[in-house]
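A.B. asks: Next come the chains, spelled out residue by residue.
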Amino acid sequence: MSIMTYIAAIGAAQREAMVADKRVIIIGEDVESNVYGTTGESKQRAESGDFVHQFGHARVRNTPISEEAMVGAAIGAAMTGLRPIVDLSYSSFMYMAMDQLVNQAAKNRYMFGGQSSIPVVFRSAMFYGLNTGAHHSDRPYPMFMTVPGLKVIAPGSASDAKGLLRTAVDCDDPVLIFEAVPLWGQKEEVQDDEYWIPFGQARIRREGTDVTVVAISGAVPLAMKAAEQMEAKGISVEVIDPRTLVPLDIKSIIASVRRTGRLVITEPAARTCGAAAEISALVCEAAFDALKAPIKRVTALDMQVPFSPALEPQIYPTTERIVAAIQAVCAA
Amino acid sequence: MSIMTYIAAIGAAQREAMVADKRVIIIGEDVESNVYGTTGESKQRAESGDFVHQFGHARVRNTPISEEAMVGAAIGAAMTGLRPIVDLSYSSFMYMAMDQLVNQAAKNRYMFGGQSSIPVVFRSAMFYGLNTGAHHSDRPYPMFMTVPGLKVIAPGSASDAKGLLRTAVDCDDPVLIFEAVPLWGQKEEVQDDEYWIPFGQARIRREGTDVTVVAISGAVPLAMKAAEQMEAKGISVEVIDPRTLVPLDIKSIIASVRRTGRLVITEPAARTCGAAAEISALVCEAAFDALKAPIKRVTALDMQVPFSPALEPQIYPTTERIVAAIQAVCAA
Amino acid sequence: MTVTGPSPETMLEMQRRMLRIRVFDERASKMVKRGQIPGTVHTSIGQEAQVVGACMALRKGDHITGNHRSHGHPIGMDSPLGPLMAELVGKATGVCKGKGGSLHLADASVGSLGESGVTGSSIPIAVGAGLSAMVLGENRVAMCFFGDGAANQGVLYESMNLASTWKLPVIFLCENNHYALSTPSHTVTAGRIVDRASGFGMPGVRVENGQNIMDVYTAVAEAVDRARRGEGPTLVEVMTYRFREHSEGLRINVDYRDAAEKAIWLARDPVVMFRDVLIAQGHATAATMDQMEADVAQEVEDCANFALQSPDPAPGVAFEDLYTEPYTLENVL
Amino acid sequence: MTVTGPSPETMLEMQRRMLRIRVFDERASKMVKRGQIPGTVHTSIGQEAQVVGACMALRKGDHITGNHRSHGHPIGMDSPLGPLMAELVGKATGVCKGKGGSLHLADASVGSLGESGVTGSSIPIAVGAGLSAMVLGENRVAMCFFGDGAANQGVLYESMNLASTWKLPVIFLCENNHYALSTPSHTVTAGRIVDRASGFGMPGVRVENGQNIMDVYTAVAEAVDRARRGEGPTLVEVMTYRFREHSEGLRINVDYRDAAEKAIWLARDPVVMFRDVLIAQGHATAATMDQMEADVAQEVEDCANFALQSPDPAPGVAFEDLYTEPYTLENVL
Ligand SMILES: Cc1ncc(C[n+]2csc(CCOP(=O)(O)OP(=O)(O)O)c2C)c(N)n1
Ligand SMILES: Cc1ncc(C[n+]2csc(CCOP(=O)(O)OP(=O)(O)O)c2C)c(N)n1
Ligand SMILES: [Mg+2]
Ligand SMILES: [Mg+2]
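Residue numbers (my numbering), protein chains in the order written: chain C, 103 to 434; chain Z, 103 to 434; chain H, 463 to 795; chain G, 463 to 795.
It should be emphasised that the hints constitute simulated quantities derived from the structure, not laboratory data. All C-beta atoms, glycine included, are put in the ideal place defined by N, C-alpha and C. Any given hint could be a false lead.
[Claimed, not checked] A partial selection of chain C residues facing chain G, derived with a Cβ cut-off under 7 Å:
{"hint": "1", "residue": "D132"}
{"hint": "2", "residue": "T311"}
{"hint": "3", "residue": "A412"}
[Said to hold, decoys possible] Okay, the calculated beta carbon distance ranges per label pair:
{"hint": "4", "chain 1": "G", "residue 1": "L598", "chain 2": "H", "residue 2": "M676", "range": "31 to 41 Å"}
{"hint": "5", "chain 1": "C", "residue 1": "I105", "chain 2": "G", "residue 2": "K492", "range": "50 to 60 Å"}
{"hint": "6", "chain 1": "G", "residue 1": "K492", "chain 2": "H", "residue 2": "P646", "range": "54 to 64 Å"}
[Said to hold, decoys possible] Within a straight-line C-alpha distance of at most 27 Å, the following computed BS3-like cross-link-like pairs (lysine-lysine) qualify:
{"hint": "7", "chain 1": "C", "residue 1": "K394", "chain 2": "Z", "residue 2": "K394"}
{"hint": "8", "chain 1": "C", "residue 1": "K353", "chain 2": "C", "residue 2": "K394"}
{"hint": "9", "chain 1": "Z", "residue 1": "K124", "chain 2": "G", "residue 2": "K495"}
{"hint": "10", "chain 1": "H", "residue 1": "K629", "chain 2": "C", "residue 2": "K124"}
{"hint": "11", "chain 1": "C", "residue 1": "K394", "chain 2": "C", "residue 2": "K327"}
{"hint": "12", "chain 1": "C", "residue 1": "K327", "chain 2": "C", "residue 2": "K289"}
{"hint": "13", "chain 1": "H", "residue 1": "K492", "chain 2": "H", "residue 2": "K724"}
{"hint": "14", "chain 1": "C", "residue 1": "K353", "chain 2": "Z", "residue 2": "K394"}
{"hint": "15", "chain 1": "C", "residue 1": "K124", "chain 2": "H", "residue 2": "K522"}
{"hint": "16", "chain 1": "C", "residue 1": "K394", "chain 2": "C", "residue 2": "K335"}
{"hint": "17", "chain 1": "H", "residue 1": "K492", "chain 2": "H", "residue 2": "K629"}
{"hint": "18", "chain 1": "G", "residue 1": "K724", "chain 2": "G", "residue 2": "K522"}
{"hint": "19", "chain 1": "Z", "residue 1": "K124", "chain 2": "G", "residue 2": "K629"}
{"hint": "20", "chain 1": "G", "residue 1": "K724", "chain 2": "G", "residue 2": "K492"}
{"hint": "21", "chain 1": "G", "residue 1": "K522", "chain 2": "G", "residue 2": "K629"}
{"hint": "22", "chain 1": "C", "residue 1": "K327", "chain 2": "C", "residue 2": "K353"}
{"hint": "23", "chain 1": "H", "residue 1": "K495", "chain 2": "H", "residue 2": "K724"}
{"hint": "24", "chain 1": "Z", "residue 1": "K353", "chain 2": "C", "residue 2": "K394"}
Pulled out of the complex, with its shape left as it was, chain C reads as follows (with noise of 0.2 Å):
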């Protein structure tokens, strides 16, 4: 056990990946010289630490800036017996290659029926909150749990991250990897030997008997500090961080409602037709009969993300919020 990064973990994954699998490569657009920080110890080329040192320009390769043939690459390749990891960096330069991600990674197999499988890794990190702007701060991950063939994680801690890579490199379907940047930071107990955590395994961060909050990616920490503070008022929060999207440990959400009768749901996309949208609805469906209370969204809202430090944290959930729909619910 050691205490580590979140982003140390995804290179630590990263890193184990490579030496477990010389058929796992990383491409993307600066990862030799680790601007992103994620291939390498430290930044230093120099270094041994350094992922072109140890693994070599074959398997770590710089690309130019064209996400749709990177894409669009890294799936062939991925048919015909590479595993890659893509880095796309910012989760807001996705859509460059939407065709691929879309038309080719999660169809392909399913129109050939099954004749090729596509082992492939989709790294982006969602930069919201940081003022970078509305072209750098989008957190799209829902509009990708809307394609059928695609697998949509999104580790919410440094322990999450690791395990829940190396499961993405060695699964046979396209999987695409959300990483809060405001998370990147955050630090955890990981095991430093190899480990791997399932797909469709909630994680219950916190055990508690009056509500539910389903808190997912950079809404976590905001969920456990709005816990805590209900605890203090005398209200029992039990926290559930999915962590993958889809496939989606649903079960584990409803058991929790038929505990609590009551749902709040955070996360940091945007309300229509995001992932809280999806929870609500199914457990509507399948428990609305232990529900006491309305079900509560507190999400990014249905805007842009402006720059200014004085406007953007407007946009996205704050423990205030979270806190505020815990005791909506419960006064229900």
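Let chain C serve as the given structure and place chains Z, H and G with the ligands on it in line with the hints.
C.D. replies: Same frame as chain C, but now just chains Z, H and G with the ligands:
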């Protein structure tokens, strides 16, 4: 008044808009030869009904197969004085232009503090249920509902198609109109003169007292059939077509649910994070107290679209599945 | 090193594959008209030399990707016809279990990674196959087929640049049949497609007479040879013509192709022309050619019967293959 | 017709605008370090000749689009500095109300349609401005700025092809500063960018010494003139160099640019070089140049104070401008 098909109504609205405003142009693949049937009275180029003859090549322009540049150019043209209608033909091709739709059309006005407006209409047709295979059968409108800054409309009938398309062309914001090809041939009484249907106003297709069925796009006629069948069984079904999804007339839906206490939502898109999920979540938040039964969704399955006629029909909502859902919520 | 000409056996095989495409597509066209094939098909009739000349320059282990004009490519790689036709009809015995259909064929048995109904979309897939070949040290080549229309999609240039900087064994094979649906290539394409290669650091070769299979074969074989030597990708533009409408059953009342032009091209039937060459060069006689045509006719007859007599896919097949692990209805309902 | 050289007044204005970019960006860099500007900025320091030489070839009514290396473009079009700096700081007085920030500037007052934080993404926007000019019969030109890195994005070639087939008045201005972030252009770019023009039926011009503003101006003025004559688009590749790191505050411990190369380019300071030219040609004296530099320094000083003293945007501003009609919180909460 005259009886008109949905596709003829689209063509009529385009012609009216072209006549009404010289700034309106139509660009797209094969629009000059009227391959898809919305840029000419018939497909006979010789005929005066042909758009190229009536409006000239400057305003009716074939494009290369370059969706990304086509969409981007339409946005730039809209920012500088034109009001383009872009015919993207199949909805499944929109992904090629995703960056332009999400990063430019949806964000420019907001990011630049309102310095520009972007009056552009993106038409695309959802060719599902016609054995065209997974590359030609997507119903991706929920994906675009997740993008603040876009307006998303999905007319369910000929008269709605004409009036909503006119409003879309006159709208100063980017509008995506999704046409369900299974509806193209459906006929309805349509006003011959010009009219505009405001966005954000649902249409109550049928009044009822026992259960509310919200039906979207191609699911509308299925819901109407289901309602008739239920009437025979003594169950009174109210059928509401929101017509526009962003903005969404949630008030009318909630008002109906408060009357009936029961809600079924049906749409041709896949289930996860669909419009039905959003409507379910909104109603559960705002009208929980009025609900007598779980909200049920009757959507396409979370599955890609198989080609074989022996397989494809299983994917989409059917009158039978809607009837079953109505009976289930009424039994509860 | 230059490519040695094909052996007589190879030349006869070329004619056989062209015939298989011709007769298969003619049959498919009829079956669309009869309602035996759902949806539509896009035939390669008239383009057989361009397709087969390119495919014959490849060998087992190589990969191809293609587009909506789809049957020709796998047949050019010698796919068995039965599962292909069964796929067009949507049967359980289809090469894709009836889930792809005409526009979305793949036949792994001959290295076909997939025909894409979305034009241009399969181009980078071939680049990926070239990348895996290089990284894994497997001496194979990947070829992507795309049309003159798809040549205006940006992904082609991203793919050419990527393959060129990485020196990947990839052939970009542009089937220039002068039209994208009803749109004449010259009205939407600036400059010549072949001239776009040099700006991306790769050779561009144009086969002016794409109806002559030997010209196509020679040009592509040179490019493949270059790729195998590790010298990187080549763009090959083959000038050809489709003899039929864009797709079967499509009716466009505008005469976007003038009669004179059509007449000139229809007179350049690659299958007829090469038959004459084979006989003239003494590699075949009228009798052996007649026999080959009869054999192919029979093969297509058999594949059609196989397709029509095959069972429909079981309903549950619709819920297979979305992911590698089994995915039950419960998950999707 | 050939373009007549710029008047002395124009040449002095060139120097003034280069100075404004230089001093503005130096100040912005300091303000990032001091935490007065949130996020980061990408400076055009070292590339002033490439930016201003291009912008000065345009006239009022023309349009530009740009990228993340953003301030130079509007300043090159003579934007007032106060609202620009206020935007970088995120203030109510910002040209975009504080909603865009450094990477996402637009200044309609000088024809700037928008700098795009997503590289390449603003290229087709300029093509659209060219389309509206043609359809509406307005004699204006649109120029898009993009880097050598963005030159590998497919949308550029779709845009070049579209502008070329439609003969639109568009200038594709590639700022080749030899690197995309830490990636040397030659390692990810096959062939020369300028050579990609001919395949798309348009002239390609390369300005080898992009540090010399007169070379840039002449090449771009020719292209603009061509566009105004209705002869279509031109690709202009300007060879230049950024003097600072990719973005302020970014620390990359890999020396991806070697010291010798840096030294050579840093010696080619466009602002210093052109000052000497102006004096040597008798258009200015050391004294008038010193005065100009003092004036610009004061202007930047003032704009920084204006920015820092301006109020924050009111919270509600975050909920404006998503759509043209008012959009209330109720809609989004
Ligand atoms: C991205 C995309 N845009 C549009 C279409 C519709 N479409 C199908 S085939 C075709 C024409 C293709 O022309 P070309 O690439 O020359 O191939 P050809 O049909 O001539 O063989 C078009 C526009 C498509 N399938 N995909
Ligand atoms: C689509 C997209 N991919 C990646 C990035 C991240 N990024 C920002 S600037 C940059 C380098 C751009 O290089 P170039 O186009 O040469 O412009 P320069 O910074 O050199 O002026 C990259 C990769 C981005 N902003 N957009
Ligand atoms: Mg063609
Ligand atoms: Mg650069």
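A.B. asks: Hint by hint, note whether the structure agrees.
C.D. replies: Hints and how they fare:
no., hint, result
1, D132, "holds (5 Å)"
2, T311, "violated (29 Å)"
3, A412, "holds (4 Å)"
4, G:L598 with H:M676: 31 to 41 Å, "violated (53 Å)"
5, C:I105 with G:K492: 50 to 60 Å, "violated (36 Å)"
6, G:K492 with H:P646: 54 to 64 Å, "holds (57 Å)"
7, C:K394 with Z:K394, "holds (13 Å)"
8, C:K353 with C:K394, "holds (19 Å)"
9, Z:K124 with G:K495, "violated (51 Å)"
10, H:K629 with C:K124, "holds (21 Å)"
11, C:K394 with C:K327, "holds (24 Å)"
12, C:K327 with C:K289, "holds (15 Å)"
13, H:K492 with H:K724, "holds (22 Å)"
14, C:K353 with Z:K394, "holds (23 Å)"
15, C:K124 with H:K522, "holds (25 Å)"
16, C:K394 with C:K335, "holds (20 Å)"
17, H:K492 with H:K629, "violated (44 Å)"
18, G:K724 with G:K522, "violated (36 Å)"
19, Z:K124 with G:K629, "holds (21 Å)"
20, G:K724 with G:K492, "holds (22 Å)"
21, G:K522 with G:K629, "holds (21 Å)"
22, C:K327 with C:K353, "holds (25 Å)"
23, H:K495 with H:K724, "holds (23 Å)"
24, Z:K353 with C:K394, "holds (23 Å)"
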